[in-house]
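*Asks:* If you want the building blocks of each chain, they are given just below.
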Amino acid sequence: MKDNKKTYWKGLEQLTNDPEFVKHADKEFAENLPLHKSNEDGSASRRDFLKMMGFSLAAASLAACEAPVRKAIPYVTKPVDVDPSIPNYYASTYVSGGDYASVVVKTREGRPIKIEGNTLSPITQGGTSAIVESSVLSLYDKHRVPGPKVNGEQVTWDVLDSDLSSKLRSAGSIKIVTNTILSPSTEKAIAAFAEAMGDVEVITYDPISSYGITKASETYYGVNVLPSYYFDKASVIVSFGADFLGTWISPIEFAKQYSKGRKISKENPNMSRHYQFESNLSLSGANADYRTPIKASQSGLAVLALYNLLAKKAGAGTVNAAAIEIPHLEKAANELWANQGASLVVSGSNDPNVQVVIHAINDLLKNSGNTLSLARSAHFRKGDDSRMNNFVADMAAGRVGAVIFHKCNPVYDFAKGAELAESMSKVKVAVSTSESMNETSALVQYQAPDHHYLESWNDFNPKVGEYSLSQPTISPLFNTRQAEESMLKWAGIATSYYDFVRENWRTSFFTAEEEGGDFQQFWDECLHNGVYHVTVEELGEPSALGDISSAASAIGSTYKTDNAGTELVVYAKVGIGSGTHANNPWLQEMPDPISKATWDNYLTVSQQWATDNGIKMFEGATNIVNLTANGKTVAVPVLIQPGQAYGTVGLALGYGRTVAGRVADGVGVNAYAFLDSSKGFINYDITEGVTVELTGETYRIAQTQTHQTYMQRDFVLQEATLEEYKENPSAGRYNPKIYKEGEFVKPAKLSLWAGHKYSQHHWGLAIDLNSCTGCSACTVACRAENNVAIVGREEVLNRREMDWIRIDRYYSSPEGATSYKELEQSADNPEVVFQPMTCQHCNNAPCETVCPVVATTHSSEGLNQMTYNRCIGTRYCANNCPYKVRRFNWFKYHDNKAFAEVNVAQNDDLGKMVLNPDVTVRARGVMEKCSLCVQRIQAGKLTAKKEKRKLQDGDVNVACAVACPSEALVFGDLNDPNSRVSQILKIEENTSTPFKEVNEERAFHVLEEINVSPNIWYFTKIRNKDINEA
Amino acid sequence: MSIKRSFLGVPIHLGTLLVAFFLLGGMNAYAVNPDVSDSEDAIQAGQALFNANCKTCHKLDQRYTGPALRGVTERRELDWAVNFIINSQLLIQSGDPTANALYKEYNNIVMPSHEFLSKDDVMNLLSYIEYGDKAEAATTDAAATGEGAAAGGGGGIPTEYLTIILVVLVFVLLLILVVLGLIVSVLTKYLNNSDKLDEDDKAFINQKGDVKKLLTSDGFIVIVTTIVLALVVKTAIDGIYGVGIQQGYAPSQPIAYSHQLHAGQYEIECQYCHTGVEIGKSANIPSANICMNCHMHIQNVGGQEGISPEIAKLYDAYDNNKPIEWVRVHNLPDLAYFNHSQHVVVGGIECQTCHGPIEEMEVVYQHSALTMGWCIDCHRNTEVNAQGNEYYDKLVLLHADSKDALKVKDIGGLECAKCHY
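Chains as they are written, first to last, in our numbering: chain A, 1 to 1030; chain B, 10001 to 10421.
Note that these hints are calculated values from the structure, not bench results.
This one's a predicted model, so the numbers in the text were calculated from it and none came from an experiment.
Check each hint, because a few of them may be wrong.
What the hints assert, rightly or not - Distance condition first, Cα-Cα at most 25 Å in a straight line; then the derived DSS-like pairs of lysine-lysine: (1) Lys757/A to Lys10119/B; (2) Lys10059/B to Lys10104/B; (3) Lys10394/B to Lys948/A; (4) Lys757/A to Lys10394/B; (5) Lys10409/B to Lys950/A; (6) Lys941/A to Lys10407/B; (7) Lys71/A to Lys10322/B; (8) Lys948/A to Lys10409/B; (9) Lys10059/B to Lys757/A; (10) Lys941/A to Lys10409/B; (11) Lys10189/B to Lys10213/B; (12) Lys757/A to Lys10409/B; (13) Lys10407/B to Lys946/A; (14) Lys726/A to Lys233/A; (15) Lys757/A to Lys986/A; (16) Lys884/A to Lys737/A; (17) Lys106/A to Lys912/A; (18) Lys10313/B to Lys78/A; (19) Lys950/A to Lys10407/B; (20) Lys884/A to Lys746/A; (21) Lys71/A to Lys10313/B; (22) Lys10322/B to Lys78/A; (23) Lys948/A to Lys10407/B; (24) Lys10059/B to Lys10119/B; (25) Lys986/A to Lys746/A; (26) Lys884/A to Lys897/A; (27) Lys10394/B to Lys941/A; (28) Lys10394/B to Lys946/A.
Please take these sequences and the hints and turn them into a complete structure.
*Replies:* Now the structure itself:
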């Protein structure tokens, strides 16, 4: 069998063998004691500790005399469904603008503590994303608007209502500015408001706009809609800069679909092939089989070139386009043509002309109605950039009487936000219904704060025929009121929004569906399921109006084959997104899947640009540059990003907030200011007038990528191409052999340990590297489930991040690179692998043998247990862990002023409500790590025991696996032959031994050669590349 | 001269003697009230009564929820003891200083009245208290003194003889001391009268301040230091082990709710009020609306007229929607996870196993130590309630070869992550 000869590297430090990196590489802990941390909260230094020790002995015995009196306060009248210590689950819907996810909310004692996906939803199908997972913490944000305000003064709702209703009526032209509204009831409420007020116009925009697509649909098909995409039905996927796995339109849905096409087995060795043409290395690009870096200025021409290639095959007329040489484009065209009706071409461009050509390409390929549908259109993006531009102009000209900013923040997240801010004084009445303080609500006279979505009633219509409901899971924490209810109130309609939604459902769905049935029953069922499907008659796909020549000529005039200047490509990050939820520390500290940077945005530059400009980067230390575009200049650190197209630089949206709250304010720079709206749509690619100048100042970006190294041990990753896999299912596998008494044996045959016995359960986790997209939803889910602390930027720089599960991102260079020089060149466009890494729950655990106080032990169910109350913090275990997954509490992160700004979930009374009461908040000086959600295992077992039955597969699932939108993680009992994990691993005998013989050829252990015998299995990464190009 | 050296030895022996005397000081025999019978019959009858009524709170020779009882007829008047046993509250309310002091010392725990006992019953009880289970006393004494191993060396000798032997030994040692003192004085006199000694020797013989020398001698200092250190260390260790243990903790509650009345006299099921005990981690202190199920109608104790002041507090809380702030009696540290339903539903454990005779408690107190050692002990000894529970089938099957029963410890009941996560 052929060994995998690829060279994997985590960061440029490793690739270039930087001396600083080499120095740190073998150190588990980057810094030595003492810690040199100022004692702002008056906590003791280590020396003080010794001084105080004698005293504390006496104090302890004194304290023992008088135990603190603890109260047990029951309800006066206990709600029937709420039992202390028993979680309740409510189906609801996460919606932020047009971002949608059907969710299930876990509450304890009436507090929402965890968000999980709703498996009944046909759209998100139980998947979540990092942003959705973290939204529960935003509920407990101290910086939400506590109640109605007039000119910054807190007032009662009555005062605000009476003042505002009369002012609105006399204001003249009223504009309602909003992000995409998915809710039919909200639309009705606004319509009712408009009817009462007269001159009302609703202006919809989206921070991350897809106006280009809807506009193109109108031009090309005559319907202004966003198509639904079905990536699972596509054998060939071509994406021009659309990060559909990370941020584009509906990433949870797309990741679900995409992963279906990427799961392979011996029985079904087929997978989709994915081409990506883009400037920045995106999450989708990182997952692509063929990725081609292209300049933003070429993207339109690349799309045209693809059209022409396909048109030639179809015998249709080609359009006039500049000749351009783009690697893999022709290959993609051939394969697309071979998979007509089962292929999909998408583009992330917001240029309607480009999207017209994309529509034409899909039309040529007969994909319409198969892999995408305009008839069953999606409603996720309804923003109209040109109308929003007109609105800003109207505002500046003083033509607007009153404006209501309905749960949106255009001053920050619209390209012309600054202009809007200036003209805010020209409007008579300005109202904001945002739940939290933001740049827009800071400028209005009236703040009528909305509920958080977990406190609200609402309904949503994400796609044609698909509906879902959201219901409150907690009483409003602040004196807020649902924005729709406010509108109705101002319009003089005295109804609660709950009744309004209910009435809407009674009239819209109930009579149509359940003749003679009981509405309450229907309503309860819809609420219980969270989703509702309306069968709509089969709609034909609209037929094309045909002509793309005008689009083609427009493209020809704006895009260039050879643009000499630097180009700025503004993108959204998986964690921060549009920046609406930037004040959430869980998102800020989540390492970006690609750059592995936390708490910052930065200018991504190519390796070659850095070399040209003499910039070297190691351990996050970098230079600051002045970026000028669109007439504005900001100072921003650069980050050398392998895969960045030469000549382009990338900057993320969502940072540089000024009125977001203590977490987000002042983090990074605002990229919205650079967006170009001069062509009638928001252009995220700035191809002209961009300059980047070195300032000579240095900076350090808190990157986690090179933390926790494997000390140059090979074969952490194992991969093969699809063709190799088809020939030999164990292709790419590394089978280490150890010499013993004249023969070479498997490492498992050689053991110092006697081994454990797992009589009942043997918990295991299988992770498919082929399915993992790197989206990091699991890391946030783990944080929420296990009360993992946030440490802040400074401590991440000190390599002290606390994640129990991290996603290791490896770049790889093709085999045969003989020198670092060659590797460096290939670094321009490396292959990427994501590897979720968590405690491997080794059967021969190296950590267990070195703990001097037996604080880490092995359970009879295969778990490596960590007992905090026994740990004395020697850190031997972390030093001895080959996977570097143990985390040490260098500080007391809870109830500590020094961390109150970042670790909000463990420091203020409100934030603490999100903590999982079943999991201990760890103290200073103890080690912690993944417990395989032992609290969930115990709860699942208890349920089975109480029902006097065997534990079934699915009774227990770990938080990371539940969150995963691509089902890359499968958890279960290896002793149970019927469990999914046993079946996909093809375990032959489910005996009580810890060492299971696994028949699945792709399954491997990381570092098998050291025979620690983990309970976590990985499946080889299979790339759908042709063999000669691998 | 040789005399000097031989004299040095004396203080050391004296020191040892003194120490032995101190240590044994606590072991004096006491005088039992002669009215208390020591007949076998009386003791046996008393034992039955003791086990039925007293055992949950009292031990003969050890302080428990209540005081150690042996010697009570020596410490107190016989009438007082009888009255206290029959109805302690009456005695306390009468203002008896001893009774009040005791009540206070034991955290105001109300000892239930035993008015159903006749005077003879009480005398039998006292017989058992004074004369019963002497072996128990011996072992607890030995354990209590620790170093008393030397004294208790003759394992087979009954305690009373042991005490007599020790007293005799002390007497003999004192006698030897006196005799030695006499010999010393005689010899001194003799040597003083002799004229064969030079001045130095005379000065040595007649030197005063033997006591001072004794106190400053190395041997004495070493011994005293060792004893003091040992005592300090023992106290410290005992103290540290006791930190956070609240066994017997019986705080007064905002409403003087009586389990004895509700669970004991009226036999209301525990689960009627503690609704969580079979479904979740917390047993739940009942919410006021559960109380109101009955107290909507029952307004006073035992059919008395008017509203009882305690029940009035409940009405006040309920009417004003003001939760009752009960004081938590059983507190586990946050780092320990305990689930009631696992123990009550799955394990089939009675409430009383951990909470003690709750149905007899006027005021709830913490019956068990609730230490990790206490949990673990139970997990070591308790058989798994696997009968009819399919979940355990495989474990039972795999354990079939073993001749011991399937205990909680055999299925991972001692593992850290069963309770700590």
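*Asks:* Of the hints given before, which are not true for this structure?
*Replies:* 1, 9 and 26
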